[in-house]
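Chemist: Chains as they are written, first to last, in this note's numbering: chain A, 1 to 214; chain B, 1 to 480.
Do not rely on the hints blindly, as some may be mistaken.
Which residues of chain B face chain A? A partial, calculated answer using Cβ under 8 Å [claimed, not checked]: (1) Gln287; (2) Leu302; (3) Arg304; (4) Pro308; (5) Leu313; (6) His317; (7) Leu324; (8) Arg328; (9) Leu330; (10) His332; (11) His335; (12) Leu339; (13) Asp353.
Please keep in mind that the hints were generated in silico from the structure rather than gathered at the bench. Virtual Cβ for every residue (Gly too), placed ideally from N, Cα, C.
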Amino acid sequence: MLRVVLAEDSVLLREGLVGLLERFGHRVLASVGTADELTAAALEHRPDIVVTDVRMPPGFSDEGLRAAVGLREKLPGLPVLVLSQYVQRTYAEDLLDASDGTGVGYLLKERIGHVEEFADALRRVSEGATVVDPEVVRQLIRRRRDPLARLTAREVEVLALMAEGRSNASVAEALHVGEGTVSKHFGSILAKLDLDVSDATNRRVLAVLAFLRG
Amino acid sequence: MLSPSPPSPSPEPGPPTSPKPGPTASSGPRPAPPRADPGVRAAPGSLPRTLSRRLLGGRPWRAALYLLTSVPLGVATLVALLLLAVVGSALTVLVIGVPLLLTLVLAGIPLAALERRRLRLIDPVPLLDPHREPPEPGLTSWLRTRLQERCTWRELAYSLLFAFVLWPLEALAVGSVLLVCGGLIGTPVMMAAGGDGEARVLKLWLADSWPEAFAVLLAGVVLLPLLTWPLGVVARGRAVLTRALLSPPDSALDSRIAELDRSRTRLVDAFEAERRRIERDLHDGAQQRLVALSMTLGLARLERPAEPLGGLLDRAHEEASVALVEIRELIHGIHPHILTDRGLEAAVEDLADRSPVPVEVLMAVPGRLPEAVETAVYFAVSEALTNVAKHSGASRVTVTGVTVRKWLTVEVEDDGRGGARLGGTADAEEDERGSGGGTGLQGVADRLSVLGGTLLLSSPPGGPTVFRLEVPCPPADSRT
Numbered sequence: 001m002l003r004v005v006l007a008e009d010s011v012l013l014r015e016g017l018v019g020l021l022e023r024f025g026h027r028v029l030a031s032v033g034t035a036d037e038l039t040a041a042a043l044e045h046r047p048d049i050v051v052t053d054v055r056m057p058p059g060f061s062d063e064g065l066r067a068a069v070g071l072r073e074k075l076p077g078l079p080v081l082v083l084s085q086y087v088q089r090t091y092a093e094d095l096l097d098a099s100d101g102t103g104v105g106y107l108l109k110e111r112i113g114h115v116e117e118f119a120d121a122l123r124r125v126s127e128g129a130t131v132v133d134p135e136v137v138r139q140l141i142r143r144r145r146d147p148l149a150r151l152t153a154r155e156v157e158v159l160a161l162m163a164e165g166r167s168n169a170s171v172a173e174a175l176h177v178g179e180g181t182v183s184k185h186f187g188s189i190l191a192k193l194d195l196d197v198s199d200a201t202n203r204r205v206l207a208v209l210a211f212l213r214g
Numbered sequence: 001m002l003s004p005s006p007p008s009p010s011p012e013p014g015p016p017t018s019p020k021p022g023p024t025a026s027s028g029p030r031p032a033p034p035r036a037d038p039g040v041r042a043a044p045g046s047l048p049r050t051l052s053r054r055l056l057g058g059r060p061w062r063a064a065l066y067l068l069t070s071v072p073l074g075v076a077t078l079v080a081l082l083l084l085a086v087v088g089s090a091l092t093v094l095v096i097g098v099p100l101l102l103t104l105v106l107a108g109i110p111l112a113a114l115e116r117r118r119l120r121l122i123d124p125v126p127l128l129d130p131h132r133e134p135p136e137p138g139l140t141s142w143l144r145t146r147l148q149e150r151c152t153w154r155e156l157a158y159s160l161l162f163a164f165v166l167w168p169l170e171a172l173a174v175g176s177v178l179l180v181c182g183g184l185i186g187t188p189v190m191m192a193a194g195g196d197g198e199a200r201v202l203k204l205w206l207a208d209s210w211p212e213a214f215a216v217l218l219a220g221v222v223l224l225p226l227l228t229w230p231l232g233v234v235a236r237g238r239a240v241l242t243r244a245l246l247s248p249p250d251s252a253l254d255s256r257i258a259e260l261d262r263s264r265t266r267l268v269d270a271f272e273a274e275r276r277r278i279e280r281d282l283h284d285g286a287q288q289r290l291v292a293l294s295m296t297l298g299l300a301r302l303e304r305p306a307e308p309l310g311g312l313l314d315r316a317h318e319e320a321s322v323a324l325v326e327i328r329e330l331i332h333g334i335h336p337h338i339l340t341d342r343g344l345e346a347a348v349e350d351l352a353d354r355s356p357v358p359v360e361v362l363m364a365v366p367g368r369l370p371e372a373v374e375t376a377v378y379f380a381v382s383e384a385l386t387n388v389a390k391h392s393g394a395s396r397v398t399v400t401g402v403t404v405r406k407w408l409t410v411e412v413e414d415d416g417r418g419g420a421r422l423g424g425t426a427d428a429e430e431d432e433r434g435s436g437g438g439t440g441l442q443g444v445a446d447r448l449s450v451l452g453g454t455l456l457l458s459s460p461p462g463g464p465t466v467f468r469l470e471v472p473c474p475p476a477d478s479r480t
């Protein structure tokens with residue numbers, strides 16, 4: 001059970017999200033509609049995780065994201081899951097740069113529809129994992145075409161899934177291969193990209209993201 | 001005696017394309033519109049007709065007519081101006097004098113309108129009315145507009161000049177020609193009338209025989225066409241003067257252009273605002289509802305319903321997901337958030353991220369630019385990159401951007417095969433399918449030109465293609 005503070009300006013979605021979170025057994029301590037209320041509620045309730053929309057009143061720009069980054073400074077280690085109606089690499093980077101990049105998630109809002117994956121991402125972020133939307137990873141990979149040219153197509157797939165924050169088991173499941181195969185691919189990727197990373201999932205995610213960001 | 005006005009068939013010099021009867025009616029003092037095809041001239045062989053046309057419809061007669069009609073018009077103007085001035089001044093003590101004086105000030109307007117029409121007797125190029133339409137109906141609005149216009153005062157000056165200087169001079173010119181020719185031609189009549197077998201020709205010398213009198217008459221007839229020539233010169237000078245005083249001054253034209261410019265800018269702004277509104281509506285409405293729908297379907301799937309409901313739910317969920325992707329792309333295409341939120345540099349980086357061809361972005365555009373500039377430049381770069389991906393076969397693109405002395409210059413250079421055109425692309429097949437980038441680039445150029453910017457495209461066959469836009473950008477404002 002996670003204690004959640006939720007910020008979302010659309011009432012329809014806010015109510016829906018509250019229902020969804022409760023369906024998975026979490027408790028919503030506060031559900032608010034503005035960035036300022038979010039900051040106040042998070043400081044008051046000290047939740048296990050904050051879930052927030054990026055675009056919120058009054059400016060309907062990136063208030064939610066800024067509030068999340070600000071909260072990470074005030075409450076170090078506070079897990080934050082940011083939802084956005086469109087992917088923006090620079091937003092993801094702002095989040096990853098806020099403190100050490102652990103316990104942050106940046107997902108497209110439409111991922112909520114895949115409720116189980118969403119619940120899984122929520123849990124992982126609350127445990128300190130880094131979760132990045134596949135769309136963002138796609139943008140990052142596209143930008144790094146040159147160094148990635150050394151990888152095989154399959155290796156790029158593995159790298160992308162890892163950058164999203166998945167574990168070996170999760171990658172293996174997504175690609176319909178065994179975990180051993182994934183480990184082998186990962187070893188090859190590390191060698192080709194000249195990376196030196198332990199196999200612990202989260203350190204690996206951050207290292208891969210750092211590499212992709214150049 | 002010569003009748004003061006030539007018979008009416010003097011052809012109206014009017015529409016530039018109307019066939020002109022003879023060479024005398026052709027060239028004007030100003031660059032005249034293309035002359036009529038000589039083939040339409042009167043059929044050869046009818047010499048008397050040609051001669052009479054040349055005499056009656058020709059320029060000298062129109063010049064004489066113009067100068068002659070000046071006289072009564074000038075007199076009338078003089079009388080009207082004097083009356084208005086005297087009566088108006090006298091009655092100023094009563095309130096009624098003020099409108100009279102106001103009428104005096106505005107008296108140039110109808111006169112100028114008449115003069116512009118009359119000028120077409122001797123000058124085929126029409127003079128445009130320099131006055132603006134009043135912004136609102138009603139006398140007050142009309143008065144305010146007219147009194148603020150410089151041309152109203154120029155027309156008043158013209159009226160004064162016309163009433164006090166021009167028409168007496170014109171009367172003198174046309175009068176002396178008439179007098180000389182009339183005096184010569186009328187000699188036999190005077191001799192017959194005098195009854196003493198002699199007549200004083202122009203009061204200069206004495207003709208005392210019939211042959212002498214008829215010789216003088218002949219001289220008058222010969223002299224007449226010759227003397228019309230200086231009349232033509234006088235009329236032409238008069239036309240130049242009238243044109244100079246009564247034509248729309250450049251500033252009026254400038255202000256019309258400025259107004260057109262402003263209205264074009266307003267249109268583009270309105271268009272842009274509408275796009276933003278549509279984007280917002282989609283974002284706040286349809287997209288949120290679709291997310292909610294997808295969430296509900298996802299929750300329903302959690303209940304693992306029996307077939308066929310389970311399968312149908314899966315399909316519905318899948319379709320909602322596809323619709324979400326589509327609406328996200330649609331919103332991004334209408335107006336990308338990144339541009340609003342993070343400015344041009346980040347938005348161009350985002351374009352680069354999305355481009356299938358590797359793009360290197362080297363932008364040094366500090367701070368935020370005016371919204372209109374950011375939008376126009378963003379869509380310009382977007383269009384350029386789309387064209388590169390579609391047509392160039394390039395393997396690399398570089399986007400550079402700098403602001404130097406309040407001008408933003410952005411270049412998109414690729415290493416493709418070249419041959420791109422603003423009005424279309426080298427890829428004819430693409431154009432036929434209606435997906436050619438040409439119209440898009442034209443739209444980009446139009447949008448930039450509204451901001452006073454330009455678009456240059458250099459794309460020799462074989463490449464490289466350089467797409468360069470320059471747009472003035474006022475000092476970056478403090479938007480964050």
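Chemist: Which hints from the list above does the structure break, by number from lowest to highest?
Modeler: 3, 4, 5, 9, 11, 12
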